[in-house]
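K.L.:
Sequence:
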Amino acid sequence: MGNGATRMGYREIADELRQEIDSGQLKPGEKVPGENDLMTKYGVEQPTARRALDVLKNEGLVIAKRGSGTYVREFRPIRRVSPDRLKTVVWGTGRSIWSADLGIRPLAQGTEVTTEPAPSIVAHVLGLEEGTAVIVRRRTFAVEDKPVQIATSYYPAYLVEGSAITQANTGEGGSYARLAELGHKPMRFREELRTRMPREHERQTLDLAQGTPVVEIVRTAYTNEDLPVEVNLMVLDGASYVLEYKFSADD
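Per the UniProt record's numbering, the very first residue in the sequence shown carries number 1; after that it's consecutive.
The set of hints was computed from the structure by calculation and includes no laboratory data. We treat Cβ as the ideally placed atom computed from N, Cα and C, and that holds for glycine. Certain hints may be false.
Pairwise CB distance ranges, derived in the manner of DEER restraints [what the hints assert, rightly or not]:
1) 117 <-> 203: 20 to 28 Å
2) 120 <-> 182: 22 to 30 Å
3) 51 <-> 246: 15 to 23 Å
4) 34 <-> 245: 36 to 44 Å
5) 34 <-> 249: 47 to 55 Å
6) 77 <-> 37: 27 to 35 Å
7) 109 <-> 12: 42 to 50 Å
8) 227 <-> 23: 50 to 58 Å
Kindly generate the complete structure, drawing on both the sequences and the hints.
P.N.:
What follows is the structure in C-alpha coordinates.
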(Lines of atoms letter the chains of each structure in order from A; the text may use other names.)
(Lines give C-alpha, C1' and ligand atoms only; values in the text may rest on other atoms or scores of the structure.)
Protein backbone atom coordinates (compact mmCIF):
# COMPACT_ATOMS: atom_id res chain seq x y z
CA MET A 1 0.00 0.00 0.00
CA GLY A 2 3.02 2.22 0.25
CA ASN A 3 3.39 2.33 -3.59
CA GLY A 4 1.08 5.14 -4.63
CA ALA A 5 -1.90 4.05 -2.52
CA THR A 6 -3.60 6.37 -0.07
CA ARG A 7 -1.84 6.26 3.25
CA MET A 8 -3.74 4.52 6.00
CA GLY A 9 -4.17 5.76 9.54
CA TYR A 10 -3.16 3.68 12.54
CA ARG A 11 -6.76 2.60 13.19
CA GLU A 12 -7.16 1.21 9.66
CA ILE A 13 -3.85 -0.65 9.95
CA ALA A 14 -4.97 -2.07 13.32
CA ASP A 15 -8.29 -3.10 11.74
CA GLU A 16 -6.50 -5.08 9.01
CA LEU A 17 -4.22 -6.82 11.50
CA ARG A 18 -7.18 -7.60 13.77
CA GLN A 19 -9.06 -9.14 10.85
CA GLU A 20 -6.03 -11.33 10.08
CA ILE A 21 -5.95 -12.48 13.71
CA ASP A 22 -9.70 -13.10 13.90
CA SER A 23 -9.70 -15.04 10.62
CA GLY A 24 -6.78 -17.21 11.68
CA GLN A 25 -4.48 -15.88 8.99
CA LEU A 26 -2.24 -14.82 11.88
CA LYS A 27 -2.34 -17.75 14.28
CA PRO A 28 -1.85 -17.82 18.09
CA GLY A 29 1.84 -17.59 18.88
CA GLU A 30 2.71 -16.33 15.40
CA LYS A 31 4.85 -13.22 15.02
CA VAL A 32 3.02 -10.05 13.99
CA PRO A 33 4.61 -7.63 11.46
CA GLY A 34 6.80 -5.17 13.35
CA GLU A 35 6.97 -1.41 13.08
CA ASN A 36 9.46 -1.49 10.20
CA ASP A 37 7.32 -4.02 8.30
CA LEU A 38 4.22 -1.88 8.73
CA MET A 39 6.08 1.28 7.68
CA THR A 40 7.17 -0.43 4.46
CA LYS A 41 3.84 -2.10 3.70
CA TYR A 42 1.60 0.89 4.39
CA GLY A 43 3.97 3.75 3.65
CA VAL A 44 3.55 5.32 7.09
CA GLU A 45 5.87 6.88 9.65
CA GLN A 46 7.04 5.00 12.74
CA PRO A 47 4.62 6.72 15.19
CA THR A 48 1.66 5.52 13.07
CA ALA A 49 2.96 1.95 12.93
CA ARG A 50 3.62 1.98 16.67
CA ARG A 51 0.14 3.28 17.48
CA ALA A 52 -1.43 0.55 15.33
CA LEU A 53 0.38 -2.13 17.32
CA ASP A 54 -0.49 -0.38 20.58
CA VAL A 55 -4.18 -0.62 19.71
CA LEU A 56 -3.90 -4.41 19.45
CA LYS A 57 -1.79 -4.62 22.62
CA ASN A 58 -4.40 -2.63 24.55
CA GLU A 59 -7.11 -4.95 23.23
CA GLY A 60 -5.11 -7.93 24.50
CA LEU A 61 -4.81 -9.49 21.03
CA VAL A 62 -1.02 -9.33 20.79
CA ILE A 63 1.83 -9.40 23.27
CA ALA A 64 5.28 -7.86 22.97
CA LYS A 65 8.30 -9.97 23.93
CA ARG A 66 11.34 -7.91 24.75
CA GLY A 67 14.08 -8.29 22.16
CA SER A 68 12.00 -10.68 20.07
CA GLY A 69 9.00 -8.86 18.61
CA THR A 70 5.21 -8.87 18.86
CA TYR A 71 3.14 -12.07 18.76
CA VAL A 72 -0.52 -13.09 18.61
CA ARG A 73 -1.56 -13.93 22.15
CA GLU A 74 -2.03 -17.62 22.88
CA PHE A 75 -5.07 -18.47 24.98
CA ARG A 76 -4.72 -21.77 26.86
CA PRO A 77 -7.69 -21.65 29.21
CA ILE A 78 -7.86 -22.76 32.80
CA ARG A 79 -11.46 -23.87 33.29
CA ARG A 80 -12.94 -22.82 36.63
CA VAL A 81 -16.12 -24.84 37.16
CA SER A 82 -18.86 -23.64 39.51
CA PRO A 83 -20.74 -24.81 41.47
CA ASP A 84 -19.10 -28.26 41.21
CA ARG A 85 -15.93 -27.07 42.98
CA LEU A 86 -17.90 -25.97 46.06
CA LYS A 87 -19.84 -29.20 46.65
CA THR A 88 -19.27 -31.16 49.85
CA VAL A 89 -18.53 -34.27 47.79
CA VAL A 90 -15.31 -32.54 46.76
CA TRP A 91 -13.72 -30.96 49.85
CA GLY A 92 -15.79 -33.06 52.27
CA THR A 93 -13.92 -36.17 51.14
CA GLY A 94 -10.50 -34.60 51.58
CA ARG A 95 -10.01 -33.36 48.03
CA SER A 96 -9.13 -29.77 47.23
CA ILE A 97 -11.82 -27.66 45.57
CA TRP A 98 -9.33 -27.28 42.71
CA SER A 99 -9.85 -30.96 41.88
CA ALA A 100 -13.31 -30.19 40.47
CA ASP A 101 -11.81 -27.97 37.79
CA LEU A 102 -11.17 -29.43 34.35
CA GLY A 103 -7.85 -29.34 32.55
CA ILE A 104 -4.94 -27.40 34.03
CA ARG A 105 -5.01 -27.02 37.81
CA PRO A 106 -3.20 -24.05 39.38
CA LEU A 107 -0.88 -24.76 42.31
CA ALA A 108 -0.26 -22.47 45.27
CA GLN A 109 3.14 -20.81 45.20
CA GLY A 110 3.04 -19.94 48.88
CA THR A 111 0.64 -19.01 51.67
CA GLU A 112 0.88 -16.11 54.10
CA VAL A 113 -1.34 -16.22 57.20
CA THR A 114 -1.82 -13.16 59.41
CA THR A 115 -4.22 -11.76 62.00
CA GLU A 116 -5.46 -8.30 61.05
CA PRO A 117 -8.28 -5.83 61.80
CA ALA A 118 -11.15 -6.48 59.42
CA PRO A 119 -11.42 -3.96 56.54
CA SER A 120 -14.78 -2.20 56.55
CA ILE A 121 -16.26 -4.07 53.58
CA VAL A 122 -15.13 -7.46 54.93
CA ALA A 123 -16.43 -6.64 58.39
CA HIS A 124 -19.79 -5.69 56.87
CA VAL A 125 -20.12 -8.96 54.93
CA LEU A 126 -19.03 -11.08 57.93
CA GLY A 127 -21.34 -9.21 60.29
CA LEU A 128 -18.46 -7.92 62.43
CA GLU A 129 -17.61 -4.57 63.89
CA GLU A 130 -15.04 -2.76 61.77
CA GLY A 131 -11.56 -3.51 63.12
CA THR A 132 -12.57 -6.87 64.65
CA ALA A 133 -9.76 -9.42 64.30
CA VAL A 134 -9.88 -11.67 61.25
CA ILE A 135 -7.55 -14.43 60.08
CA VAL A 136 -6.25 -13.55 56.61
CA ARG A 137 -4.86 -16.16 54.21
CA ARG A 138 -3.07 -14.81 51.12
CA ARG A 139 -2.08 -17.14 48.28
CA THR A 140 -0.80 -16.81 44.73
CA PHE A 141 -1.65 -19.66 42.36
CA ALA A 142 0.44 -20.51 39.31
CA VAL A 143 0.46 -22.81 36.29
CA GLU A 144 3.88 -23.87 35.04
CA ASP A 145 5.40 -21.16 37.27
CA LYS A 146 3.21 -18.45 35.67
CA PRO A 147 1.07 -16.70 38.33
CA VAL A 148 -2.59 -16.75 37.29
CA GLN A 149 -4.55 -15.91 40.44
CA ILE A 150 -4.24 -13.96 43.70
CA ALA A 151 -6.56 -15.13 46.49
CA THR A 152 -7.16 -13.49 49.87
CA SER A 153 -9.51 -15.16 52.36
CA TYR A 154 -10.87 -13.60 55.56
CA TYR A 155 -12.26 -15.62 58.50
CA PRO A 156 -13.65 -14.34 61.82
CA ALA A 157 -10.80 -14.92 64.26
CA TYR A 158 -13.17 -15.95 67.07
CA LEU A 159 -14.42 -18.86 64.89
CA VAL A 160 -11.10 -20.31 63.72
CA GLU A 161 -8.45 -19.45 66.33
CA GLY A 162 -6.42 -22.52 67.27
CA SER A 163 -7.44 -24.45 64.14
CA ALA A 164 -5.35 -25.44 61.12
CA ILE A 165 -6.90 -22.52 59.24
CA THR A 166 -4.35 -20.34 61.02
CA GLN A 167 -1.53 -22.49 59.59
CA ALA A 168 -0.05 -22.38 56.10
CA ASN A 169 -1.03 -26.03 55.51
CA THR A 170 -4.69 -26.58 56.39
CA GLY A 171 -4.60 -30.33 55.64
CA GLU A 172 -6.78 -32.50 53.40
CA GLY A 173 -9.95 -30.79 52.23
CA GLY A 174 -8.56 -27.34 52.99
CA SER A 175 -10.16 -24.61 55.05
CA TYR A 176 -13.74 -25.73 54.33
CA ALA A 177 -13.09 -29.16 55.83
CA ARG A 178 -11.60 -27.48 58.91
CA LEU A 179 -14.61 -25.17 59.21
CA ALA A 180 -16.87 -28.24 59.10
CA GLU A 181 -14.87 -29.83 61.92
CA LEU A 182 -15.38 -26.66 63.96
CA GLY A 183 -19.16 -26.95 63.50
CA HIS A 184 -19.36 -24.22 60.85
CA LYS A 185 -19.73 -26.26 57.67
CA PRO A 186 -20.02 -24.06 54.54
CA MET A 187 -23.28 -24.95 52.82
CA ARG A 188 -24.24 -21.92 50.74
CA PHE A 189 -22.11 -19.62 48.62
CA ARG A 190 -22.50 -16.32 46.86
CA GLU A 191 -20.10 -15.14 44.16
CA GLU A 192 -19.98 -11.66 42.68
CA LEU A 193 -17.90 -11.14 39.53
CA ARG A 194 -16.64 -8.13 37.69
CA THR A 195 -13.90 -7.40 35.17
CA ARG A 196 -11.57 -4.44 35.50
CA MET A 197 -8.07 -3.35 34.68
CA PRO A 198 -5.47 -4.45 37.23
CA ARG A 199 -3.94 -2.36 39.97
CA GLU A 200 -0.18 -1.97 39.61
CA HIS A 201 0.67 -4.52 42.32
CA GLU A 202 -1.69 -7.03 40.68
CA ARG A 203 -0.13 -6.42 37.28
CA GLN A 204 3.31 -7.08 38.72
CA THR A 205 2.30 -10.13 40.78
CA LEU A 206 0.47 -11.78 37.87
CA ASP A 207 3.04 -10.60 35.31
CA LEU A 208 0.27 -9.28 33.07
CA ALA A 209 0.87 -8.10 29.53
CA GLN A 210 -0.31 -4.69 28.42
CA GLY A 211 -4.08 -4.53 27.94
CA THR A 212 -4.85 -7.63 30.02
CA PRO A 213 -7.86 -7.24 32.35
CA VAL A 214 -8.46 -9.18 35.54
CA VAL A 215 -11.59 -10.95 36.72
CA GLU A 216 -12.40 -10.13 40.34
CA ILE A 217 -14.53 -12.69 42.18
CA VAL A 218 -15.76 -12.12 45.72
CA ARG A 219 -17.09 -15.34 47.27
CA THR A 220 -18.88 -15.48 50.60
CA ALA A 221 -19.43 -18.84 52.34
CA TYR A 222 -22.40 -19.35 54.70
CA THR A 223 -23.47 -22.10 57.06
CA ASN A 224 -26.97 -23.59 57.04
CA GLU A 225 -27.78 -21.02 59.73
CA ASP A 226 -26.75 -18.22 57.31
CA LEU A 227 -23.64 -17.42 59.34
CA PRO A 228 -20.98 -15.97 57.02
CA VAL A 229 -17.70 -17.79 57.74
CA GLU A 230 -15.43 -16.71 54.89
CA VAL A 231 -14.97 -13.89 52.41
CA ASN A 232 -12.59 -14.82 49.61
CA LEU A 233 -11.37 -12.12 47.22
CA MET A 234 -9.90 -13.64 44.05
CA VAL A 235 -8.16 -11.75 41.25
CA LEU A 236 -7.75 -13.85 38.08
CA ASP A 237 -5.62 -13.23 35.01
CA GLY A 238 -8.33 -12.48 32.46
CA ALA A 239 -6.26 -14.01 29.64
CA SER A 240 -5.95 -17.37 31.42
CA TYR A 241 -9.43 -18.39 32.57
CA VAL A 242 -12.74 -19.64 31.27
CA LEU A 243 -15.45 -19.44 33.95
CA GLU A 244 -18.03 -22.22 33.64
CA TYR A 245 -21.30 -22.19 35.62
CA LYS A 246 -23.74 -25.10 35.75
CA PHE A 247 -27.34 -24.78 36.84
CA SER A 248 -30.75 -26.13 35.97
CA ALA A 249 -34.02 -24.38 35.22
CA ASP A 250 -35.21 -25.32 38.73
CA ASP A 251 -32.24 -23.73 40.55
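K.L.:
If a hint holds in the structure, say so; if it doesn't, say that too.
P.N.:
Each hint tested on the structure:
1. 117 <-> 203: 20 to 28 Å: 27 Å, holds
2. 120 <-> 182: 22 to 30 Å: 26 Å, holds
3. 51 <-> 246: 15 to 23 Å: 43 Å, violated
4. 34 <-> 245: 36 to 44 Å: 41 Å, holds
5. 34 <-> 249: 47 to 55 Å: 52 Å, holds
6. 77 <-> 37: 27 to 35 Å: Once the Cβ atoms are compared, 30 Å apart, the range 27 to 35 Å for residue 37 and residue 77 holds.
7. 109 <-> 12: 42 to 50 Å: With Cβ atoms ~43 Å apart, the hint holds.
8. 227 <-> 23: 50 to 58 Å: 53 Å, holds
Hint 3 from the earlier list is the only one contradicted by this structure; the remaining hints agree with it.
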